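Make a model of the complete structure from these sequences and hints.
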Amino acid sequence: MKRLLLILLMFTGFCVKAQETPATNAGPTRLQTIAASLDSFRRKVPIEKVHIHFDKPFYSLGDTIWMKAYVVIQSNELSALSQILYADLIDDKDSIKTSLRIPLTNGFGWSSITLSDTLLKSGTYRLRAYTNLMRNLGEEYFFDKEIMIGNALPPKSNTTGGPPQKTTAVAKTQVTASPKTATGDVSVQFFPESGTLVNDIASKVGFKAVGNDGLGREISGIIVDKDNNPVTSFQSEHAGMGSFILQPAANNTYTAVIKLANGNEKKIALPAAAAQGYVLSVVQANDNVIVNIQASNSLLNGEVSLVAQANNIVQYAGKKTLTSNSFTARIPKNRFPEGITQFTLFSPDYQPVAERLIFIRINDNHLKFNISSDKADYKKRDKVHLDMEITDQDGKPVIGTFSMAVTDEGKVPYKELNETTIFSNLLLTSDIKGYVEQPNYYFTDDVDNKSGELDNLMLTQGWRKFVWKDILAHNLPTLTYQAEDGLGLNGRVLTNSKKKPLPIAGARVTLLVNIGDGIIVDTVTNAQGRFNFNKFPFRKGTTYNVTAADAKGKKYENIEIDEQIPQPVTIKHLPQDPSANNDFAAYLDESRERFDELDKNGMLSHIMLKEVVVKDKITKETIKEVATQHSQNLAGAGNADQVLTFIDLLPCQNDLLACLTGRITGGYVSGEGIAIRGFDSPMYVIVDGIAGRPLSSVVSSDVSSIEILRGGGAAALYGMHGSSGVLVITTKKGDVDYTAYETDHRTPGYNKPQGLKAYTFKVGYDLRKQFYQPDYANPKTNTQLPDLRTTVFWKPGITTGETGKTSVDFFNADGTGNYRVIVEGLDLYGRLGRQVFHYTVK
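For the sequence shown, the working numbering assigns the number 4 to the initial residue and increments by one for each residue that follows.
Just to be clear, a hint being listed does not mean it is correct.
To be verified - DSS-like, lysine-lysine: derived pairs with alpha carbons at most 30 Å apart:
| no. | residue 1 | residue 2 |
| --- | --- | --- |
| 1 | K386 | K772 |
| 2 | K502 | K558 |
| 3 | K386 | K808 |
| 4 | K270 | K436 |
| 5 | K538 | K558 |
| 6 | K627 | K100 |
| 7 | K100 | K386 |
| 8 | K124 | K207 |
| 9 | K845 | K418 |
| 10 | K383 | K418 |
| 11 | K262 | K436 |
| 12 | K100 | K124 |
| 13 | K472 | K336 |
| 14 | K808 | K382 |
| 15 | K845 | K783 |
| 16 | K472 | K207 |
| 17 | K47 | K322 |
| 18 | K336 | K436 |
| 19 | K436 | K148 |
| 20 | K808 | K383 |
| 21 | K736 | K627 |
| 22 | K124 | K603 |
| 23 | K207 | K336 |
| 24 | K627 | K418 |
| 25 | K371 | K148 |
| 26 | K371 | K386 |
| 27 | K96 | K418 |
| 28 | K555 | K503 |
| 29 | K538 | K603 |
| 30 | K418 | K100 |
| 31 | K736 | K382 |
Claimed, not checked - What follows is a list of derived Cβ distance ranges for each label pair:
| no. | residue 1 | residue 2 | range |
| --- | --- | --- | --- |
| 32 | N254 | K472 | 30 to 38 Å |
| 33 | T127 | G820 | 56 to 64 Å |
| 34 | D385 | I523 | 27 to 35 Å |
| 35 | K124 | E419 | 46 to 54 Å |
| 36 | G674 | L831 | 26 to 34 Å |
| 37 | K399 | G820 | 33 to 41 Å |
Calculated directly from the structure, the hints in this document are not laboratory data. In this text, all values refer to a predicted model and were calculated from it rather than measured experimentally. Glycine included, each C-beta is placed from N, C-alpha and C at the ideal position.
Okay, structure coming up:
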């Protein structure tokens with residue numbers, strides 16, 4: 004860090020020399036102060052970003068949205084700050100229809116949303132995701148993606164479980180663009196390259212033409228002076244953006260005469276030029292970034308400073324005394340990280356006078372995927388085995404976390420340029436202001452020839468991370484919202500008086516969570532009568548009781564439970580890109596066929612309502628399946644060196660640490676944990692996806708399963724924390740009747756608490772549903788029903804160990820043609836990866 008802060012660029016002709024600026028007795032230089040101020044901002048205001056990988060781009064009512072979340076810090080390394088991610092599905096009336104709280108482990112987590120026809124209707128929604136820490140900087144920092152949801156359900160479908168009803172044929176779906184696109188109204192804005200036009204200095208000017216639907220429009224035209232003399236011409240490129248060179252003259256003004264696609268003309272005055280000032284120009288050529296600074300004659304012999312920063316870290320800083328109107332420097336491109344870099348020019352009195360954004364590509368930093376299938380092509384319902392090796396550009400294996408979605412491309416047609424990918428999101432849209440049309444356009448196909456179009460985007464959509472004057476004045480945002488390490492339950496105890504209840508200090512508050520035999524914990528109120536139960540892995544819908552009494556045993560029934568205040572919804576209607584409408588219409592037609600088949604066979608109710616499976620014979624394997632069904636084991640539910648179930652723990656007396664002694668093979672008590680012989684440190688404990696909770700705080704009667712992972716396998720999944728092994732603990736959930744399995748094993752004398760008023764935990768974690776995968780190798784699998792799945796396979800918890808290798812197995816559906824495999828993720832160093840792989844089903 005010290006080296007970065009002290010690097011100084013010396014502008015000499017067309018070369019750059021780097022050296023460290025020595026400290027003086029007078030203290031740090033002003034340039035060092037700027038760097039230190041930015042570093043202080045970065046440390047005190049940590050910035051997290053979110054990317055979400057979805058299983059497919061659009062949905063129908065009756066579908067499930069499957070998603071994997073990656074939460075990173077500014078350098079794209081997985082964040083260890085926040086352990087909760089909020090995700091809201093918002094309709095076109097800006098109403099939150101569904102809200103999730105997703106537990107994060109080491110910066111990633113996954114969940115799903117069932118699109119019920121009783122809650123939602125067809126339309127355009129957006130999925131907003133954020134951590135509590137991100138709320139400090141505003142909603143523009145959140146992940147925000149438009150999602151189209153149609154209705155392909157049969158018009159008279161019976162979702163109550165009765166006999167199927169006859170349905171009528173439905174015409175092919177047609178999706179039309181927003182009616183706003185027909186008006187032809189176009190807004191055009193002009194953006195001088197470094198912020199301001201200056202008389203007698205040539206400058207690049209970017210422009211952006213947008214229709215009233217928010218999408219780019221094709222325009223062309225000329226620039227004329229005040230006497231209507233043509234000066235230069237311009238033509239838009241991708242998404243209505245383009246640029247031209249203009250050298251304004253004193254005592255002159257300039258107007259753009261714009262020719263619209265419909266043949267009409269429109270005139271717009273260009274921004275006025277300043278009489279004197281600086282112009283900062285930045286271009287890229289081969290392996291260098293070329294910086295050119297021009298200044299008016301009146302500003303010569305002054306010392307200017309240049310700061311280049313990315314991810315709120317100063318990459319380069321330098322100063323130069325101006326002896327001529329122009330000077331140029333070449334900076335090696337490989338000294339910058341991939342993504343957006345901001346160049347700021349400071350005047351002699353250290354005021355920011357010009358800024359420029361550039362986007363730097365470093366393809367050598369991307370992860371490489373080698374995906375191979377066990378067959379050249381497949382048949383319907385064949386088992387598919389995919390091997391995957393992930394390395395860096397030097398061929399060295401990487402340890403990382405990844406997610407995979409497999410779709411039938413004939414049923415889910417979609418163009419790659421319309422995707423929201425881990426590259427387009429984390430490198431581009433999360434660091435730039437406003438809506439970016441087709442962001443993945445800049446990362447697909449011939450990317451080198453799109454560098455000019457990407458630079459037009461940098462010219463026209465401004466930086467939004469911070470304002471320099473606030474940084475230099477140390478006016479940092481107030482961190483009202485802190486990073487959360489778990490959900491809690493807060494409230495206040497008051498006297499029983501109805502007229503003027505007073506807070507009760509020192510009252511003992513007892514919390515009973517009605518899971519299994521119940522979790523019982525207590526705490527004491529503070530001077531304001533407030534209490535807090537923190538870091539409990541409650542699930543949404545969990546019931547609980549709270550009681551309070553003073554030291555003399557007097558009970559207080561006036562207990563107020565705090566309601567969590569949700570993040571307000573800012574009115575924000577994302578533009579609808581009509582280029583995806585045909586694909587969406589095709590998807591709905593395919594989905595309609597799928598739902599019709601389910602309806603005909605009386606199976607539609609099984610995907611619309613919660614399915615309850617009753618097993619006639621309770622075997623040891625059945626108990627394991629029930630116990631681990633809600634497991635968040637990164638190796639997969641039940642995949643462990645040893646599994647203990649709630650049946651194994653029945654003889655215990657609620658002391659889980661003592662209970663595990665003698666039950667874990669090779670395990671012994673080490674401090675407040677369990678260690679495996681041969682390892683120096685206790686095993687890493689994860690409870691319902693939340694790491695770091697001590698075993699002493701877990702009640703054995705609340706545990707559904709304990710999965711024991713030892714040695715190298717655990718380390719590959721959980722990094723350095725898993726080097727001594729991992730205990731993955733899953734607690735009992737409200738959707739399972741454990742007593743039905745425990746009846747023949749329970750210790751006599753058990754009685755559930757009676758007479759307590761139950762509350763429902765409304766803001767708990769959301770259950771991780773298991774993605775359904777038919778097993779056509781099992782002779783008991785029903786093969787009579789047509790398999791018209793659109794998402795054929797979804798696996799969010801793919802990890803690679805020291806070998807960088809992993810594999811997956813799944814079965815094809817009945818669709819023929821191309822199947823599309825998309826893998827996304829990142830490694831421990833924040834290096835990003837995405838791969839699209841195809842195979843054929845005949």
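Evaluated hints:
About 23 Å separates the Cα atoms of K386 and K772, which keeps this hinted pair within 30 Å; it holds. Straight-line distance between C-alpha atoms of K502 and K558 comes to about 18 Å, which keeps the hinted pair within the 30 Å bound. A threshold of 30 Å between alpha carbons decides the hint, and for K386 with K808 the separation of about 20 Å falls inside it, so the pair holds. In summary, the hint linking K270 to K436 is supported, as the alpha carbons are separated by about 26 Å, within the 30 Å threshold.
Between K538 and K558 the alpha-carbon distance is near 26 Å, which keeps this suggested pair within the 30 Å criterion. Restraint check: the Cα-Cα separation between K627 and K100 comes to about 35 Å, which exceeds 30 Å; the hinted pair is violated. Restraint check: the Cα-Cα separation between K100 and K386 comes to about 38 Å, which exceeds 30 Å; the hinted pair is violated. Pair hint K124 plus K207 does not hold up; C-alpha atoms about 47 Å apart against a cutoff of 30 Å.
Restraint check for K845 and K418: satisfied, since their Cα atoms lie roughly 23 Å apart, inside the 30 Å limit. Taking the CA atoms of K383 and K418, the gap is near 24 Å; set against the 30 Å cutoff, the hint holds. Distance restraint check for K262 and K436: the Cα-Cα separation of roughly 27 Å lies within the 30 Å cut-off, and the hinted pair is therefore satisfied. For the hint linking K100 to K124, the alpha-carbon distance of about 10 Å falls within 30 Å, and the restraint holds.
The suggested pairing of K472 with K336 holds, with an alpha-carbon distance near 28 Å, which does not exceed 30 Å. Between the alpha carbons of K808 and K382 the distance comes to roughly 26 Å, so the proposed pair stays at or under 30 Å and holds. Annotation: proposed proximity of K845 to K783 holds, straight-line Cα distance about 25 Å (limit 30 Å). Between the alpha carbons of K472 and K207 the distance comes to roughly 25 Å, so the proposed pair stays at or under 30 Å and holds.
Distance check on the hinted pair: K47 and K322 sit about 27 Å apart at the alpha-carbon level, within 30 Å; holds. The straight-line distance between the Cα atoms of K336 and K436 is roughly 24 Å, inside the 30 Å bound, and the hint therefore holds. Taking the CA atoms of K436 and K148, the gap is near 15 Å; set against the 30 Å cutoff, the hint holds. Restraint check: the Cα-Cα separation between K808 and K383 comes to about 27 Å, which is no more than 30 Å; the hinted pair holds.
Distance check on the hinted pair: K736 and K627 sit about 15 Å apart at the alpha-carbon level, within 30 Å; holds. Restraint check: the Cα-Cα separation between K124 and K603 comes to about 23 Å, which is no more than 30 Å; the hinted pair holds. Among the hinted pairs, K207 with K336 is consistent with the structure: their alpha-carbon atoms are about 21 Å apart, no more than 30 Å. For the hint pairing K627 with K418, the CA-to-CA distance comes to about 42 Å; that exceeds 30 Å, so the pair is violated.
Simply put, K371 and K148 have alpha-carbon atoms about 27 Å apart, close enough for the 30 Å limit, and the pair holds. The hinted pair formed by K371 and K386 meets the criterion: a straight-line CA distance of about 26 Å does not exceed 30 Å. A threshold of 30 Å between alpha carbons decides the hint, and for K96 with K418 the separation of about 28 Å falls inside it, so the pair holds. Only pairs whose Cα atoms come within 30 Å are accepted, and K555 paired with K503 is accepted, the gap being roughly 22 Å.
Under the criterion of a C-alpha separation no larger than 30 Å, the hint pairing K538 with K603 is inconsistent with the structure, at around 47 Å. At roughly 28 Å between alpha-carbon atoms, K418 and K100 fall within 30 Å of each other, so this suggested pair holds. The hinted pair formed by K736 and K382 fails the criterion: a straight-line CA distance of about 40 Å is larger than 30 Å. Distance hint check: the CB atoms of N254 and K472 are about 32 Å apart, consistent with the given range 30 to 38 Å.
Distance hint check for T127 and G820: the Cβ-Cβ separation is about 28 Å, which falls outside the suggested range of 56 to 64 Å. Taking the beta carbon of each, D385 and I523 are about 52 Å apart, not inside 27 to 35 Å as hinted. A hinted range of 46 to 54 Å for the beta carbons of K124 and E419 is inconsistent with their spacing of about 30 Å. For G674 paired with L831, a C-beta distance near 28 Å keeps the hint of 26 to 34 Å intact.
Against the hinted window of 33 to 41 Å, the Cβ-Cβ separation of K399 and G820 comes to about 36 Å, which satisfies the hint.
Comparing the model with each earlier hint shows violations of hints 6, 7, 8, 24, 29, 31, 33, 34, 35; every other hint is respected.
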